[in-house]
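**Q** As they're listed, the protein sequences go chains A and B. Start counting the first sequence at 2; every next residue gets the next number (this note's numbering). Start counting the second sequence at 19; every next residue gets the next number (this note's numbering).
Take these hints with a grain of salt, some might be off.
Here are the simulated DSBU-like cross-link-like pairs (lysine-lysine), alpha carbons at most 35 Å apart as the crow flies [claimed, not checked]: (1) A/Lys164 with B/Lys139; (2) B/Lys182 with B/Lys105; (3) B/Lys105 with A/Lys199; (4) B/Lys139 with B/Lys105; (5) B/Lys187 with B/Lys105; (6) A/Lys5 with A/Lys340.
Simulated restraints, written as ranges between beta carbons of each label pair [stated by the list, open to error]: (7) B/Val185 with A/Phe321: 52 to 60 Å; (8) A/Leu313 with B/Arg200: 25 to 33 Å; (9) B/Gln27 with A/Ala322: 51 to 59 Å.
Bear in mind the hints are in silico, worked out from the structure with no lab data behind them. Think of the CB as a built atom: it goes at the ideal place given N, C-alpha and C, for glycine as much as any other residue.
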Amino acid sequence: MSAKWKFCLNIAALSALFGLLYLFSRYGSGYQIRILTNIAIFITLAVSYNLVNGVCGLLHLGPNGFIAVGAYTSALLSMTPAEKELNFILEHLVWPISVIHVPFLVSLIAAGAVAALFAFVISFPVLRVRGDYLAIVTFGFGEVVRVLCNACQSVTNGPLGLKGLHPYTNLWWSWGVAVLAVIVIQRLIDSNYGLAMKAIREDETAAMAMGVDPSRRLLVAFMVSAFFSGVAGGLLAHLITTISPGVFTFVLTFNLLIMIVVGGLGSTTGAIIGAVLFTWGGEALRIVERPMDIGIFTIPGIPGMRMVIFSLILMLVILFARNGILGRWELNWDFLASKFARLRRTDTPL
Amino acid sequence: MRTTLLLQQLINGVSLGSLYALIAIGYTMVYGILRLINFAHGDLLMVSPYAAIYGIALFSLPWFLTFPLAIISTGAIGILLDRAAYKPLRQAPRISLLISAIGASFLMENLALVIVGGVPKPFPRPDFFNHVIRAGHLHIQVLTIYSPLITLVLVFGLLYIVFKTRVGKAMRAASWDFEATRLMGINLDSIIALTFLLGSSLAAAGGIMWAMKYPQINPFMGVIPGLKAFIAAVLGGIGNIVGAVIGGFLLGVFEILIVALLPGLADYRDAFAFLLLIGILLFRPTGIMGERSAH
Chain A
2 MSAKWKFCLN IAALSALFGL LYLFSRYGSG YQIRILTNIA IFITLAVSYN
52 LVNGVCGLLH LGPNGFIAVG AYTSALLSMT PAEKELNFIL EHLVWPISVI
102 HVPFLVSLIA AGAVAALFAF VISFPVLRVR GDYLAIVTFG FGEVVRVLCN
152 ACQSVTNGPL GLKGLHPYTN LWWSWGVAVL AVIVIQRLID SNYGLAMKAI
202 REDETAAMAM GVDPSRRLLV AFMVSAFFSG VAGGLLAHLI TTISPGVFTF
252 VLTFNLLIMI VVGGLGSTTG AIIGAVLFTW GGEALRIVER PMDIGIFTIP
302 GIPGMRMVIF SLILMLVILF ARNGILGRWE LNWDFLASKF ARLRRTDTPL
Chain B
19 MRTTLLLQQL INGVSLGSLY ALIAIGYTMV YGILRLINFA HGDLLMVSPY
69 AAIYGIALFS LPWFLTFPLA IISTGAIGIL LDRAAYKPLR QAPRISLLIS
119 AIGASFLMEN LALVIVGGVP KPFPRPDFFN HVIRAGHLHI QVLTIYSPLI
169 TLVLVFGLLY IVFKTRVGKA MRAASWDFEA TRLMGINLDS IIALTFLLGS
219 SLAAAGGIMW AMKYPQINPF MGVIPGLKAF IAAVLGGIGN IVGAVIGGFL
269 LGVFEILIVA LLPGLADYRD AFAFLLLIGI LLFRPTGIMG ERSAH
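For reference, chain A alone in the conformation it holds in the complex:
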């Protein structure tokens, strides 16, 4: 399929997406819009997480740390000095942050930049190790961020968190960021850098023998992933409007892991499908935690049952269908065209 065709199809798909979003924003209920906004934020998170976990093959367990950094950065920058005064009762906010007030867009970019800077700093210890050790070190950084958010009261307001953020995040912001993240990350994966990352995933020694410098390529992936996680963190903060260290626990990382494993590790479109299924399915599964009436008797709701189901799904997928939905395939125009062509071929009589 020619590049020109694909470009036209992409434009058409994007217009269809935004047309659909416009219809929802006009006629959809608040609940539907909220879920759609959530889906877009999780698409951004899952796609950027997949860049490190799926494409580079590093089991990174600290995205909750990056999301927290982004959320706090963006929240502290977008609040007015008066609002900050109201929030920080126990300790005063340190000086330069207490007076800065910037527009939402700038605060989002700053959130991404600070998260990427944080990724750059921790990449020195993190990227020196691989496998299990990398998992535990990144997990450790995620926890350290949470501990710091709790302890540094004069910056983060400690366990009280920040309240009363403006609900800036809407359909357009979240889907705009999601589309941008998907385009940037997919371009990166298709580039020379992405090839090198996949080579490192398959065999690091062989990649090094071919002249690929793993630490440089992995650093790029790590920082791009952190940037978009940070931006998504900023969006999340201005969607839920109240943030505290308890929001950014390892459970967040676990949810992202389920999304990319179910979608297929290493596939961007798989991550998107995983994010949509998880967010939508997670809402649908709320019925198991509510009491149910079945004619004669009532089944009481079981709190915590949703997480049991999620962990079961993760384990079943990893044990019996390790490739997830898409494996390493991408659901792109070439893939669709080849499927279509195969369908046509089987139709023709021998």
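With chain A fixed as given, assemble chain B onto it according to the hints.
**A** The following block gives chain B in isolation, referenced to the frame of chain A:
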């Protein structure tokens, strides 16, 4: 007065460290054979106190019967964990194995949450462990003295099994060369099951002592001790049993002393352990005793 305080804190540190040591052994043994960080290991530590509580409440058994039964049943759950979550993935890429381990850990925590509920339960501490010894200004609970002693007894028992028996020899062989051991006609599945049984039982013993030390138990109580114990295992050189014990004691003393000497930094206690881990991985990745040097 200052020295008594320091002595008191040192004893507390050794006591805490002995629990880390017990849990760290399980990480190190599984890593030695499967090269896998068993993320669900910390959650085994939560199983035994609940088993003990239900044993005491439902069958009204005395504690000296309940505790061993709880430990054995946790060991059985350890074997079940390996069979269900790790055995099907022996030939799979490492990342799948790790994800399965994380999934198993979440499954155990949340299953426990569904079964026993989220409200923390009080753990009945037997009178036997409740006495307080007074010596001058020192006030020491008997439990604080017993837990390092129990730990040492269990560790020597384990070392006897690993170094003096035939199955122990098979375990050491498996950690040297997995495939060659299989070629020698050793049933690796039963060796791995034994490894999980021993590691999980020690973690269960640690869990019961942990529950007596901090007598409020909840389904997530194993997470933080599990992580600390993992750090202790890396500190001592992962794959090395003696190293794990030494690492456990060192970490316990280090943590208590930091809180005791610099009380202003107490909030950062959990962060310190991770910074210690990162420091070790950067400067001496094989730990202070070196990987597998005891094998």
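**Q** For every hint, state whether the structure bears it out.
**A** These are the hints, each one checked on the structure:
1. Between A/Lys164 and B/Lys139 the alpha-carbon distance is near 32 Å, which keeps this suggested pair within the 35 Å criterion.
2. For a cut-off of 35 Å, the pair hint linking B/Lys182 to B/Lys105 stands: about 27 Å separates their Cα positions.
3. At roughly 28 Å between alpha-carbon atoms, B/Lys105 and A/Lys199 fall within 35 Å of each other, so this suggested pair holds.
4. Using a Cα cut-off of 35 Å, the hinted pair B/Lys139 and B/Lys105 holds, with the two alpha carbons roughly 34 Å apart.
5. Using a Cα cut-off of 35 Å, the hinted pair B/Lys187 and B/Lys105 holds, with the two alpha carbons roughly 22 Å apart.
6. Taken as a hint, the A/Lys5 and A/Lys340 pair is honoured in the structure, with Cα atoms around 20 Å apart against an allowance of 35 Å.
7. The supplied range of 52 to 60 Å is broken by B/Val185 and A/Phe321, whose beta-carbon atoms lie about 32 Å from each other.
8. For A/Leu313 and B/Arg200, the Cβ-Cβ distance of about 32 Å falls inside the hinted range of 25 to 33 Å, so the restraint holds.
9. For B/Gln27 and A/Ala322, the Cβ-Cβ distance of about 52 Å falls inside the hinted range of 51 to 59 Å, so the restraint holds.
The structure is inconsistent with hint 7 alone, although it conforms to all the rest.
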